[in-house]
Amino acid sequence: MSDLTLKNVTKVFNNNVTAVRGFNLEVKSGEFMVLVGPSGCGKSTTLAMIAGLEDLTSGEILIDGTTVNILPPKDRDIAMVFQNYALYPHMTVYDNMGFSLKLRHWEKSKIEKRVKEAADILELGDYLDRFPKALSGGQRQRVALGRAIVRKPKVFLFDEPLSNLDAKMRTIMRVELKKLHDRLGATMIYVTHDQTEAMTLGDRICVMNEGELQQMDKPLEIYDNPKNIFVGGFIGSPQMNFMEGRLESKGDHYEFISDHFTMQVAVDQSISGDNLTGDVKIGVRPENFFRNQQDENNSKIIGKINVIEPMGSETYIYLESIQQQLVARVKADNSYGVGDEISLWVSPNHTRFFDAKSGMRIFLK
Amino acid sequence: MIKESFGSRLFDVVNISLLLILSFTMFYPFLYCLVLSLSSEAYASQGGFFLYPRSFDFTAYKAVFSKPHLLTGLMNSVLRVLISVPISVFFTALCAYPLSRKETPYRRPLFLFVLFTMLFSGGMVPIYLLYHNIGLLDNRLVYLVQGLIAAFNVILVRNYFQNIPESMHQAAMIDGASEWYIFFKIYLPLSRPILATIAMFQTIFHWNAWFDAMIYMTTDTKVVLQAFLQRIVIQQEWQQLRDIYVGLPPESIKAATVIITVVPILFVFPFVLRHFSKGIMLGGLKE
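Sequence lines, in order, name chains A and B. In this text, residue positions in the first sequence follow numbering that gives the first Met the number 0: the first is 0, and each later residue adds one. In this text, residue positions in the second sequence follow numbering that gives the first Met the number 0: the first is 0, and each later residue adds one.
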């Protein structure tokens, strides 16, 4: 188990595209850190820099306090699992898994012991003599995992390892990965664009956009308290609903005024300053629209149902309210119909305020 | 079962018929040579369209094999192929590998340089003078140097290497493999189909080459089989054989020579064919 630190890491490609900008990250020993963000946000480039597959333009990467960004990949004591498995198709499962140990001139008996240990953990014992083409997608990805764990590296790197699996296998492998992390207690960096994987796997999540760190925190903290509009919109499915309006000072409190409704709010000026009057956006999670009024502070939104998505345990209702599309997550219920008018209640406690210009969060009391 | 339309069936019939005719036009010259080489004088001199031999007369073969150094020429040809082809394939792959890697400095100018040699050569006289100066004239090493790295083959192999996913190279690097190790243990085994293809190209090139033997070799024992063929067929050496084997038609001698030079190479193809295996990359990656 080892810790990993990235200090002011920047990557500018030859075509002057800045993939990663002044990125700082501290991963504790044994931690499962997930880098999440949309395509092109720099998460895979960051992983490649940690692995040594891409050079840094500036900054420093340390593993256990030792600078590693000057070392070739093989000397960093890391292992990587790729999205497309990257197994060697002309080698058996056993040879694939033992490849790195063979290159380190390990004795055959030691390689065999280590490979069998890994195969037992991953339930691959019966497939060691097979070639990758004779395995299913899930099994191949387990071989790729096996290839990583035989070496017992300081840091595991995962580059969207579940993206190529079907939905069912992805769920199974997600659980397996979680168990594997608990069992090995290893430091793992996991890159994904899938926020479900990020939420379920990560001890902490690092949300990236356009090469910059947006927010790094525990999954639920990021979900409940997004630092800016981007994080609020990216984390959560269906995504957070945003509505535009204005904050106006009313003496001892502020009032949010929009086309939809008016809401009284108390602003925590110690965090957000004392002059908050102006254009804002509010964010409401789909599950924070209520069918019934919870208390007198609630505000009502009326909309017309466009689409209903019954998910079994719950239902997503897409509605249009004053020319704006909103989505609400409600209990499974057959009483709604497309075209129906529906009233939903919003509570200030479940509403997140963002500055319309900067996109940054405005904190409330 | 899906019923095909009349137009579709008509297309199949026409298509298959045309392909059969095309195949026959390819095959018939071989058959013609074989029949002619085995035919007696009376039959051969009739000329016309032969489908099968009326007799089995091996005199033409005896005549050709009686030519001095012919077997040595055959041996030279076989050795030329056996030695030159593997070395050529290896060096071609070795040249193609760095050209396929994006981290190679000046990769594009280097590639254009290779491409240039495909379009323009130094010319026969400068090459002759070069071989003369480095002592390759009348030296069997010239067979090795000729076509050692063909630009066209380099391009083929480079393109194949570029289709091997980058992640496999990266995985090997992280596993601790050096570039040499990756080249020998990952890229070469995964590139068997293209290596077999260029091996076949090179085999045919080396087997058919006669011009280099004619201009660079002066000793008869160093000449390859194809040069003997050229002498018999073009330089009228069949007349000498006819002086010994009186009455043997020149067509039969030429045909027998052609058969002797063509048949060995036909046996190579089935061995190469099995390497054209589809799907060698299957399974290593999610497509």
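These aren't lab readings, by the way, just hints derived from the structure by calculation. In this text, all values refer to a predicted model and were calculated from it rather than measured experimentally. Be aware that a few hints might be false.
Claimed, not checked - Computed footprint of chain B on chain A; a stretch qualifies when at least three of its residues, placed anywhere within it, have a C-beta under 8 Å from a C-beta of chain B:
hint, region
1, 87-98
2, 285-296
What the hints assert, rightly or not - Facing chain A, from chain B, some residues (calculated, C-beta under 7 Å):
hint, residue
3, M167
4, P188
5, Q229
Claimed, not checked - Derived BS3-like pairs: lysine-lysine, alpha-carbon spacing no greater than 30 Å straight-line:
hint, chain 1, residue 1, chain 2, residue 2
6, A, K153, B, K184
7, A, K73, B, K253
8, B, K184, A, K6
9, B, K101, A, K73
10, B, K101, A, K107
11, A, K109, B, K101
12, A, K115, B, K221
13, A, K101, B, K184
14, A, K249, A, K217
15, A, K217, A, K330
16, A, K112, B, K101
17, A, K109, A, K178
18, B, K101, A, K132
19, A, K132, A, K151
Ideal Cβ positions, reconstructed from N, Cα and C, are used throughout, including at glycine.
Query raised in the report: Can you name, in rising order, the numbers of the hints this structure does not satisfy?
Result: Result: hints 2, 5, 7, 8, 10, 11, 12, 14, 16 break, sorted rising.
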